[in-house]
Structure formats: C-alpha cells, structure tokens
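S.K.: Residue strings, one per chain:
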Amino acid sequence: MTPALEVANLNLKSPRDTICQNLSLRVMPGEIWGILGPNGVGKSTLLKTLAGLRPAPTLASIELGGQPLERWPRRARARRMAILLQDQETGLPLTVFETALLGRHPHLGLWDRPHHGDLRRTLSALRITGLNGQRHSPSQALSAGESRRLSVALVLAQDPDLYLLDEPTTQLDLHYQRRLFEHFVGLARKRGKAVVMALHDPTAAVRFTTRVLLLFGGGRTVMGDSGACLTPDHLTALYGTDVVAAHSPRGLVFDVF
Amino acid sequence: MGLSPSRGREHPPLFAHPPLFLLIAATIAIMAGSCLVGLMLGGVALPPLSILEALRHEGPAVVQTIIWKLRIPRILLAFSVGGLLALSGALLQVLLRNPLADPYVLGVSGGAAVAALLSFMIGLPLYWVMGNAFLGAALATALLLLLTRLTGPITPIRLLLTGIIMASGLSAVVTLLLALSPEPTLHTLLFWLMGSLAYSPGLMAAGMGLPALLLAILVLWPFAGELNVLLRGVETAQSLGVHTGRLTLGLYLFASLCTALAVTQAGMIGFVGLIVPHLVRMTVGADHRKLLPLAGLWGGSLLVAADALARSLLAPRELPVGVLTAFLGVPLFLLLLARSNRTGILRS
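Those sequence lines, one after another, are chains A and B. Yeah, the first sequence ends on 257 if you go by the working numbering, and it's all consecutive. Yeah, the second sequence ends on 1348 if you go by the working numbering, and it's all consecutive.
Chain B with its partners taken away, still in its complex shape (with noise of 0.2 Å):
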C-alpha cells in the first residue's frame, strides 16, 4: 500500500517495507541495467558508446542493423514474455494460497504448449496458433478446476496436486507430439519448447508484447485489495464483501491469457513465474498493490537479462533461454528458501 510512513510520526513507519519512490528508482535502474546488458551482449558483444550512436541512427550500418532490427525487438520479447510469466505466477500464488504455484508446474503451460504445438503440425496460421494456444491453456486450467472438483473438494493443496499431475500428462502429449512430427521441423519446435525467444513468431516482437505486459498490469491493478483479502481464503475475503466465485474464475483466465501469450512467444519457459514473485515479495512484502506491477517489470527484466546470456555464453551458438533461467532459477531459490527461515516467509 503505497503509503508514506504517514502521520504516526511518534511510532516507526506503518510499513515495514522499503519506501515507494526507492522501489521506483530501483525498478527503474533494474530495468534499465538489463536492457544496456541485453543491447550489449549477444553474438557480436557492442560497446556502450556504439551502442548510443546506433540508437542515435548513427556509426556502422551492420551495428545499427544489429540494435534496431536484432536486439530491440528481441529485448522487447523477452521483457514482455518474462513479465507475463511472472504476473501469471504471482496470480496463481494467490489463488492457490500456495507459494509453489506457477503456470509451469501446473501444466497451463503444458496446455498452451500442447494447443499451439498442434496448431503448428496442422499448418494453421499464426493468429490460430496463438489462440489455440490461448484456448489450450484455458482448457488446462478448466480441466484442473474440474478434475479436482470431480475427486472432491476444491482446496488448494488438491488443486496444486492435481496441477502437478496434469503437467506431467500433458508434458507427455508434447513428447509424443514431438515424436510423431517430422524430422525438419522436429528441431525447431524442440528448441521452441524448451524455451526461445529465437523462433518467435513475430506478432509481439514487432511492439505488441509490451503494450500487452502493461495493459495486463493496469487491469489486474484495481483488484490488488481484493487479492490481499483473498491471502486470508475464501470465507474471510466473502465476509470482506469479496465476490470470490467470479474473483477467482476471472482471475484463473487471466492468468491463462498472460501463460498462453508467453508461451506462444517463446515456448516453455520455467522458475521465471515461480521465482520472480517470491523475489518481490521478499522485497517489499505480499500487499499486491506492489507485487503485481513489480513482478511484472522485475520478470521482464529478468528474462532479459537471462536472454542475453543465452545468446552470447556460447556465441554464436544461441542457448535455450529456458535452460538459462532453469540454471538461474534453481539457486535462486534455494537461497530465497534459506532466507525465509528467517522471516518466516515460505512457512506454511
């Protein structure tokens, strides 16, 4: 809750979190640091001042061919695709009340995957690719509320169980996709699942992705009281005068639509919807008011970044992404894990 330590002067600061004007100055400083890293690595590694000239249309034509036409549009991707990823797991946190939720290890992923991935084998065009994978995600997410609804009640531990179990169903359909397809596109596709911003099917790198991240953000926005209440569970955040049955509902397909655009950029990438939001909450604690729009831009710089190792560790051999935030992802968490003994944040 954005506000400022306010009129208790006597007593210390109402919230124990670090003031807004630094959140905003940081979130600004990350976000730039890795833009300049994702403008600066890559297969040729740029200079700060070429950089600046290219961006002015000046210097070399290749570099400014490499800024303008390679690495802008790839970084716009991959800030979209990261921040959507994160905002899509700090939904299903909530909604779960379960901090091992996210898109990934629920299998909505695996819905949009195993959607587009057929859209791809049929030979449909790319906008049915993209809303089949939008579909496939929310058919996920339908038949997760609906198989645990059908074994019994719908909790959120059986909720996150069921997930669980659907996204190693479903990640079995995509190696049998991925089996049955032929060998010239067998390779793309894998390098598509496994997480790549390189095979991009265009539509959002050409500026739509981060239009989409934002207006993503300001729409979730309003109901940040309303997930807070919702941190409580069901019966408190009703007694709250909260309407959990169409909260949650819209919520879940919210947080399909963001998994679908992500995965249909860039395949399946992992850890980034799980680490991110424990990242910020960390940081400046679970009030959403600052969780959502932080995750969203702390995700996209993240992926950024990530991307940018992946394209230049190996150069010219580009890494799947997803293996890189995998790599990152894992000790990231552990450490994240370590501290909240500390704070008694992950307790459950």
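If we strip away everything but chain A, and leave its shape as in the complex, we get (with noise of 0.2 Å):
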C-alpha cells in the first residue's frame, strides 16, 4: 500500500528554537496520528510545512501518495491533502453554505458550476458539522465555535485523502468534539482516509489516535504507537507539568489539574 503521506530527513526551525531534526514517518491510509506539544514548539509550522504552505528545506523529502509534493499540480494536490488552518480569515461575507462548497473547488474546473454532487457534499459536510439549519447565514455572524465548525466543514467538502489538521476542535464544545473526532475516526476506518491532527488533549489523543509524534522542543520528538507513547513520564516531560494517568469506564484519562 501507497503511505498517504512519507517524510525523510525533515530538519526544521522555528525563529526560536528547532522543531525537529532528521524526521522520518511514514503516514498510511487509515492512520489517525496525532501531533503533541507545548504552545509555540511549533506543530502548526510542522503542519503547514507537510501542506506545502510553507518552502520544505532543500535536504528533506516529502512524497505525497508516493509523489514529491512539489511536483503534485495545484489542483490535483488539493483533491488530495486539505489542511485546517487555525485561525482563518472572514472578510467579506459569503453564506455559511457558500463557504463550505469552497471546499469543492479544486474538484471544479474553470467553467464548471457545482453540480449535484458538490451540493451533495457540501450539505453533508453542513449536517456533521451541526450548521445546516444556518446555512443561509453570513459566515460572519456565527460565533467563535461555529466559525471553527465552518472551517472543518470546508475540509470535509474538499474530501481529501489526507486531512492535517491544526487543532480541529479548539473552541467546539464537548458534544461537539467527541462527534468530530468520532466523524474522522470513522472516515479512516471505513474510508481508509489519513489524519494527521495538532492536539492539546491527550486524553482524545490515547482515545482518537493510533499514532503520535510529540514534539519537546530543541529538536527533539518522540513517535510510535499512542497507546506505548503516551505515558504520564512522557506527558510530564512534554509539557513541564505534572500529568497523571486514571482510569475511567471509558478507557485511560489523563489529568493534570
């Protein structure tokens, strides 16, 4: 099998510190990694490196389904891999529903109109993400929570085989977060779709995950299994605070308050 995604020899530096050095992984379809760290380590560049947003040094390789992402056509690279960035840009007023079939438009040629399909998707991408009974409203008036429901509708539209997303459910309540996370859960075990998410919660990271990268800062990452990797030692270490591990009825939680 193709990886979704497969990165060699990644160096990568933030103004402040190191990111990560030679980092290899190898992201295969139906995979859901997570991607752990302090504020400002620098997941989001990580993210938008991999998404080709931001120029990959010279040394490392990126292969997008089996292909250099810099070779990958625009287009045909954005039917393949959607990113959700984390803060996102509402100028000018398009209707909920208008923004979310963005998503379609690297599905759309220069002339085409959305067809039934696109509308389709669209409005399914609205209903899982709870704004269809808003879909006339301008993306301006929603509130935090949903503008951030809007911008995953988007990416659930664009429907790539490769989601990276960055903090997909900061600002979503609890209802909410566990039916996203269980809509990409669900996408990579029935769909064989790959996720790769910046996360905060390391609870949804053991429950959600298979796979995690955590990032300590000065270059230095830890990868493997979720279940092997996500340790209250390496919690601890990650983020200078001290992480304790229980038990729940539902599985392992972590907690540091």
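Please keep in mind that the hints were generated in silico from the structure rather than gathered at the bench. Ideal placement from N, C-alpha and C gives every residue a C-beta, glycine not left out. Hints are all accurate, no fakes.
Listed next, with one range per pair, are the computed distances between beta-carbon atoms: (1) Ala1179/B to Arg16/A: 49 to 57 Å; (2) Met1208/B to Ala8/A: 55 to 63 Å; (3) Gly1059/B to His115/A: 50 to 58 Å; (4) Ser143/A to Leu1147/B: 31 to 39 Å; (5) Gly1152/B to Ala8/A: 31 to 39 Å; (6) Leu1253/B to Arg178/A: 44 to 52 Å; (7) Arg178/A to Leu1147/B: 44 to 52 Å.
Take each chain as given, in its own frame, and dock them per the hints.
M.R.: Here you go:
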C-alpha cells in the first residue's frame, strides 16, 4: 500500500528553536496521527510545511501518495490533501453554505458550476458539523465555535485522502469535540482516509489516534503507537507539569489539575 | 453561483439570495432606467416621446443632434467609466479582504491622474495620455506593494494603510502640478480632476468604452471561483489549489488597467468603486460569479444617472460628476453601514 504521506530527513527550525531534526515518518491510509507538544513548539509550522504552504528545507523529502509534494499540480494536490488552519480570515460575507462549498473548488474546472454531487457533499459536511440550519447566515454572523465548525465543514467538503488538522476541536463544545473526533475516526476506518492532527488533549489523543508524534522542543521528538507513547512520564516531560493517568470506565484519562 | 434552488426540494433553497432571473430582470430595468434618465435630462429636458422620435431619426434636427451626438456618446462613456471603477473596486476589496478598499482610497487612481496630468502638460498626444495613465496606475500599484513589503510583511491591513498614505501623497503631487500649470488650461484640468465626463478625450466616447467594460467582465468571470476562495485568506486559497501569487499579481494589474481607463476618460471619480460593490453584496452576497458582472453593470448605471443629474441640476452649468457621486455616496454608504449592523456584513 502506498503511504498517504511520507517524510524523510526533515529538519525544521522556528525563529526561536529547532522543531525537529531528521524527522522521518510514514502515514498510512487509515491511520490517525496526533502531534502533541507545548505552545509554540512548532506544531502548526510542521503541519504547514507538510501541506506545502511553507517551503520545505532542500534536503528533506515529502511525498504525498508516493509522489514528491512539489511535483503535484496545485489542484490535484488539493484534491488529495486538505489542511485545516488554526485561524481563518473572514473578510467579506459569503453565506455558510457558500463557504463550505469552497471546499469543492479543486474539484471544479474553470467554467464548471457545482453540480449535484458537490452540493450533496457540501450539505452533508454542514450536517456533520451541525450548521445545516444556519446555511443562509453570513459566515461572520457565527460564533467562534460555529466558525471553527464551518472551517471543518469546508475541509470535509474538500474530501481529500489526507487531512492535516491544526487543533480541529479548539473552541468546540464537548458534544462537537466528540462528534468530530468520531467522524474522523470513521473516515479513517471505513474509507481509509489518513488524518494528521495537532492536539492539546492527551486523553483525546489516546482515545482517537493510532500513532503520535511528540514534539519536546530543541529538536527532540518521540514517535510511536499512541498507547505506548502517551505515558504520564512522557506527558509530564512534554508539558513541564505533572500529568497523572487514571482509568475511567471508558479507558485511560490524563489529569493535570 | 447561479444555481437554481436545486434538488433539495424538501429544504429551503440552497442560496439565500434572489433567483437569477430576477437579478437579470432587475439589472436590465436598472440599466434601461438610467439610460432613459440620461437621455431625458441635461441642458434641455426632453420628454420621452421626442426621444423616441429622435432615436428613429425623426422630429426636429436639433433634438436628433442632442440625442445622437451628445447624449448617447455621453451615456456610453459614463456607463463604461462607472462600470470599470466598480469592477476595480470589487477586485481591490477581495485582494485586500477589506471593505474599505477602492482605487481612489488606495492611490491607484492618484497614480493614473499624476501620469495623465503630466502627459497633458507636456502636450503629448491622446493615446500617450491614456497609455501613461495606465503606467501611472500600474506604477502606483507596484509602489504600493513595494513600500508595504519594504516596511514589513504584505498583509491586507498594511497594504490599506500604505495605500491611504500614498493616496494623500499623490494628491499633493496633483495639487503641485496644478499650481504649476498655466492659467488657460488650469480650469479644464481642474474639472477633469474633479471627475467630469465633459472633457473626455473622446476615444471612448466613440464607443470603445462599452466593449472594454464587457470584455473586462468576461475576462474576469472565469476567475470568480478563485476570488471566492481568496476570501478565506491566502493560505486557505493555496491549500485549495489556487496559484495565489500569480492570481493576485494579475488582478492588481487588471484593477490598475480598469482604473487607468476610467481616470483617463473622466478624472478622479470617487465612491463608485466603493459603494457599488457593497450595494451588490447587500443584494446578492459576496459570490463573485454574480458580484463581478453586477458590479460592472450597476456601476455603469449609477454613473449614467449621476452624470444626468450633474448635467441638469444647475443647467446650463454643468457640475463635476465626482461631486455628485460623493453627494450620493456619503449617505448611501452610511445607510449601508447601518444595515450591515443587522446583516453582519461589514463586521470584521
């Protein structure tokens, strides 16, 4: 099976710190990766580099679906890979529906109008994110959590093979956190999609991801199966605060408070 | 996206805005209405019946001359200038993701004006004036991008601030050039700068303007989808497969070209580029598939009507149409601002 994403020899630096050194990883279809690390350690920079929004260092190799990232034509790449960014410009008013429909852009030719399939996918993305009832509202009229869900809806409408998600559940209430996590798990299990997401909640990571990449700063990384890597020791070192593990009826939970 | 309410029959329509046929009908009505006003009003007010006669080349020769030689060319000119300004305003507003952007505010028309003024003053022939106006607008745009880049990263808000400061600098240059220009040409130049269709060099009046406007709309229309994507910011647009660098550079140049064509013909007419795109957004939303053609056509109609008023309000004196658009534009903008509170459209 071709990896959804394969990274080799990636050295990334932020102005402050080294993010990773000689990072090599392979994301297979059906896998869900979590990237965890303290604020400012470079999770977003790493995701943007993987998405091709930032130039990758010359020695690194990033392959999407078995082909170097830079060799993909833009539209084809956008059909293959989507990224959910952390903050989102909303300058002038498209409606909620029109915004989610933008996810279909890479699937449309220059003179195409969105057809039935595009509309259906967009509507289904709005239903999953619970925005169907507000589809005529201007996108600026949404609350912060709803705007976040709209950004997720756009990415869902894009329907790629690989999802790069930068903190997909920030600002979401508990219901939607769970609902969206479970939706992405379903996409990975049933449709073989690959997901790489930056996260802050180790309990969510242990519950919903299959593999994790921990960024400690200073270029130190730990990578492996979620169950094996997400230990109180690692997490305590990761966040510099005491993290304990406990067992709830649903499985492992991590507690800091 | 001119889609019919689509197949979701059990649901409300997918698109909140008026259906396409209604928009087309309304636009035709607006265009016809403004042209009628443009034919009727002026130094001599003409009743619709004698206009009809004159259009069929019947009736008094004076009326025929007024209609065919004066008012129709003037209407065509006003229509194309208004349309080009509105189109360029709509483009700059997406490029800067800012509802305040327009060629006037950003100094793009200032650049065109300085170049055109200089060419007038050294007595260059007409086509040089036009070419130089375009160069001036393009240079002003390039300078805007360059100055913004030199002082930091190119972000929409920094571009807007740099543009505003450049616009005031260029308007000082215009004042300087006027102060240096000889007495006899001063009045003409002044009126041309204030925005007037009466001193048009005439190339467009010969019927070039309208095809130019329609061509501009046609050329832009295929990019409407990419402009929609650009509304979500550069990075999102890139991740959705848009060549943002190529697209934005091309659009800045295109907006400069539209502005230059308009400024050379009619001087500095403000507010059309600002107001019309907002008016369209209020009615049909920000989808550029509808916004671009409607901004062009409504902008043209608005300037035709404003020019008719400029010709007739204090007839036989003619007011600079730029003054009229400002008088219309200020209250209209405030009205839109008040309405936007309710619809959340200008909130940012």
